[in-house]
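Chain residues, written in single-letter form:
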Amino acid sequence: MIILYFFYGLAFEGLGLATYLQLRREGDFPLKRELPWLAAFGFVGGAAGWVDMFLASGSLEEIVNILSILRVFLHMLTGGLLLRFGWGMLNNLNPLPAWSIFIPGILIVPIAFVITYATTTFITPSPIEIPIEIWTRYLLYLPGSLLAGTGFLRQWHSQRKLGLYDVSNLMLGAGLAFILEAVVMGLIVPAAPYGPASYYNYDRVIHTAFIGESLEVTQPYALYPWLDYESVLNTTGLPIEIWRMLSAVIVTFFVVKALDVFEAIRRRQVLALQQERDRAQRERIAAQIHERQMAENWTNALINISRRIAKLEHVDDILIYIVDNVHQLLNTDFVGVAITNQENSALELKCYSSGGKTQLVDNAPIRVTNSLVKNAMRTSASYRSLGNESIEIFEGVCFFTDEPARAIVIVPLQLENTVIGSLWIARIESTQFSETDAIWLESMADQVAIAIQHGLMTSQLQSLSIVQERGRIAREMHDGLAQVLGYLNLQVQTLGSLLNQGRTEKLQTELLQMRQAIRTAHADVRENILSLRTTLAQEKGLEAAVQEYLSEFEIQTGLKTSFAYQVDGDLNLSSIAEVQFVCILQEAMTNVRKHAQASQVDVAIRKEILGDGDHIHMQIIDDGIGFVMAGSKRNFGLQTMQERAESASGNLTIKSSIGNGTCIECCLPCLQQERLQKQSVVIR
Amino acid sequence: MNVREWALPVYTILLQLAVGALIVLWLIRYLAGSKFSPREIDRIISNPILVIAFTSVVAMGGAHFHLSKPFHSFLAVLNIKSSWLSREIVFNILFFLATMGLLYLTYFQTHRRKLITALGWLAILFGVNLIYCMARIYLIPTQAAWNSHTVIISFYVTALMLGGMTIATLMVLDLKFAEIKKADDIELRSQVIRYSSAGLTCLTVVLVILSMAIIYIQTRLLAQGDLIARTSLSLLLDLYLPLFVMRLILLVCASVTLVYAVIRMYRLQIKPQWLMTPVYVSCLLILVGEIIGRFLFYATHIRIGL
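Line order of the protein sequences matches chains A and B.
In terms of this note's numbering, the first sequence has 46 at position 46, counting the first letter as 1, and numbering is strictly consecutive.
In terms of this note's numbering, the second sequence has 242 at position 242, counting the first letter as 1, and numbering is strictly consecutive.
The reader is advised that the hints may include incorrect statements.
[As the list claims (entries may be wrong)] Residues of chain A placed beyond 12 Å of chain B at every Cβ, according to the derived structure:
id, residue
1, W50
2, K311
3, L499
[What the hints assert, rightly or not] Partial list, computed: chain A residues near chain B (C-beta under 8 Å):
id, residue
4, P104
5, T116
6, L507
7, L511
8, M514
9, I518
[Said to hold, decoys possible] Computed footprint of chain A on chain B; a stretch qualifies when at least three of its residues, placed anywhere within it, have a C-beta under 8 Å from a C-beta of chain A:
id, region
10, 168 to 182
11, 239 to 248
12, 277 to 290
Derived from the structure by calculation, the hints contain no laboratory data.
Beta carbons: idealized from backbone N, C-alpha and C, even for Gly.
One chain only, chain A, in its complex shape:
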């Protein structure tokens, strides 16, 4: 018996020690909060077992009373700690369902009756230690073990749900171990004539609690055939102390194993958490890179659009470029640009991207009647679908497809506070566009409006240029060919008179003068034709055009020319600057032919990098007679050249002196080079 008590105490002390060591480990798993109670239960329960051992040995008779009191106290404390641990296991690890809040309410009457019943048993003549032990076991050990067992069984259920079968099996073992402990420690008590103690006790004394002291087998409420301690002893052959020791060992084994597994799980969870965190970080970085790439793509697209606008490309080409970029950058199924017609009576589709192709609507006009598009134009406010709208309201948004749109963004096109149309995007799938998508689309809509505005300005500019060119040609004809023709008319009349008078010598002299005048007029006409042809032949490139012009000039005038071109790649001059550049060259060459009496003209074009960016520098040097700037009759032509250079934000300088020829230098700014170097990712 002493050895049994010793191992009983040892098992519980082992439980307490193992739990305490688990407590000292790092980590914060749910069971850890309840472990202090389990550790305390183990230590105090072990101490109680060892006190039992000393009492059973009878070796400390002088302090037997103290030991008895200590035993009562330790058993009560052990039961209390077990009850607290059991409650924590049941309630704190996995919160109980809401209805369980009523359990204490339902149990209040039975609890009150049991407490009262227990209280009344203290007035029996038996030693007070007996009812204390009985009710300690009934009220503390029994519910505590049952709660702990139920708590572990709940853990078994929940761990199985999570697929952690190794843990769940241990939880099942621990749960069953506590249930066994509930029976052997909570239900088997000293013999007493009340409650279950009357028939299930240490002392193999059987009473019936229902009818007092007498025993009748036929009593319908008697449960002793199943709960009789002696029957259990006869069946198992083991006294209660062995069962208690076994239950303590089993509880210790399963709880300690379960704690180890919990620790392993915790490590696994920490590792998984770390991996999850790393993955989330990688995804975040990838998302940032993607966003940055997208922003860069958008920026490049916008720059390229601006560049095309600045180069005065045709507005239709720019529209196609914009729509195509929007289609690819926003991953849309449809992109549409609609402009209000000239009568301002309907909204007509101008350009669209659908089914992998982007094109203008050239044939019969397609009217846009969707109310959302019209409403966006009427209110001058963008619209973005959120995904909770009925898809019927998106009808008439996607053209050339049978599928209805499920996600759209509509942005009105505004030109100087006037809404002139709308740009919208649509997706057939239900993935909605983000707010950022809508912002990017608004910036694209601004570009569309600017392109349209530039288109209008370019056509106005072209009309103005035609008027100016006609005026210039008229002036040239008036000053040159018309004067010569007038002169020739007079000379023909003079020749007629001289012929009638028979003055042959005078006639021949006049004929020579006429021939000279005709030759001059012919040269002027040819030069004008050359100038017109050079100006209108921009598409072949400036270098080739100037080269051709100078070759023609050399043939026509007999002056030697040289041409040095030192520009790598494009000139990157705006269209207006290029026109002015050629006109300045022509004006300068005309002046050389007419006034300079030169034999050689050198033309050099090169690119210079100045403080405010790249510039195209042109130098025209002749070896003629030169002139004095002040009072020169060439002032009008020089002033025209000056104005042309300034209109292209450039400057023009003239250096000349009598006998030293003339040097004209013109410098025009290029477009921003660094922006042009960025290539759009959009493949076109």
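Here the structure of chain A is known, so what remains is to put chain B in place on it, guided by the hints.
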């Protein structure tokens, strides 16, 4: 007392609890109906009525344990003209039926408010008569410890004391349940508890004082009585003294706990959910105290003659 004898205290205590709870519940319903929405109040009282009905069922079932022939219990009603026991059984059945009807109406016919109100008062009337009959059974000359009208008063006091505490506990548990379920009537329940807490506390304190006064009167009557009565008193003050003292202590502790908790709730404006533990503890203490009292009531009687 053996287990069979315990059936009687179980029966009397549970039935008095059910009647008292119904009285207190109907008072709260009546008073709160003028301050809050009557329809909402009816929704709140459905669970307490379920508990009252369940308690009366358990009490009736438990009562059969102390009968020698439980299946012949219905024959007791045949002596209704002369026997208080028969009257008790009749009123018990009537109270049970009225409570069941009330339960049906509050769960399935919620719109019939007037009928619910009338049936509630009718059930209370049956319950009051039931307690009276229950008490009158014990007023017999051969039982010196019981033969006093203080028994009738003490039964009513017990009913109201247990009923008040039970309703308070149920309302707080219901509130906690509503909070867990995130129900839409949490605020209303809180307001009703705040509204009724002071009244319930005052009622409990007054009843505890009254209960102690009755105990004092009963002991005085026993002390002034004949030999049998004095023997009963000596039993109470000798063998059962620890229980007698414990009962008084429990009643006082319950009152103090309740008063402290309610005052703290009002002063610090704490949520009524906080009352759950103190109200539950108070209810448990009073219940244990009253069961001990009932135990002493049965344990100290000494029959005169056969």
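**Prompt:** For the hint on T116(A), does the least C-beta distance to chain B fall short of 8 Å?
**Reply:** 4 Å, holds
**Prompt:** Given P104(A) as an interface hint, is the shortest Cβ-Cβ distance to chain B below 8 Å?
**Reply:** Cβ of P104(A) sits 6 Å from chain B, so the hint holds.
**Message:** So, as I understand it, the hint says L507(A) touches chain B; can you test that by seeing if any CB pair is closer than 8 Å?
**Reply:** 123 Å, violated
**Request:** Hold the hint about L511(A) up to the distance rule: shortest CB distance to chain B must be less than 8 Å.
**Result:** 118 Å, violated
**Message:** Min Cβ distance, M514(A) to chain B: is it shorter than 8 Å?
**Reply:** With a minimum Cβ separation of about 113 Å from chain B (threshold 8 Å), the hint on M514(A) is violated.
**Prompt:** Does I518(A) pass the interface hint, meaning its C-beta sits closer than 8 Å to a C-beta of chain B?
**Reply:** Check failed: Cβ of I518(A) comes no nearer than 107 Å to chain B, outside 8 Å.
**Prompt:** Taking 8 Å as the C-beta cutoff, is the stated coverage of the region 277 to 290 of chain B by chain A satisfied by three or more residues?
**Reply:** Our answer is that it holds, as 5 residues pass the Cβ test (under 8 Å) against chain A, meeting three.
**Asked** Taking a Cβ-Cβ distance under 8 Å as contact, does the region 168 to 182 of chain B have three or more residues in contact with chain A?
**Response** Contact hint for the region 168 to 182 of chain B vs chain A: holds, 7 residues under 8 Å.
**Prompt:** Are all C-beta atoms of chain B more than 12 Å from that of K311(A)?
**Reply:** Holds, because the least Cβ-Cβ distance between K311(A) and chain B comes to about 65 Å, which exceeds 12 Å.
**Request:** Check, residue by residue, whether the region 239 to 248 of chain B contains three or more positions whose beta-carbon lies closer than 8 Å to a beta-carbon of chain A, and give the verdict.
**Result:** Satisfied; 5 residues make the cut.
**Asked** Is the nearest Cβ of chain B still more than 12 Å from the Cβ of L499(A)?
**Response** 124 Å, holds
**Prompt:** Is the Cβ of W50(A) farther than 12 Å from every Cβ of chain B?
**Reply:** 32 Å, holds
Against the hints set out earlier in the document, violations occur for numbers 6, 7, 8, 9.
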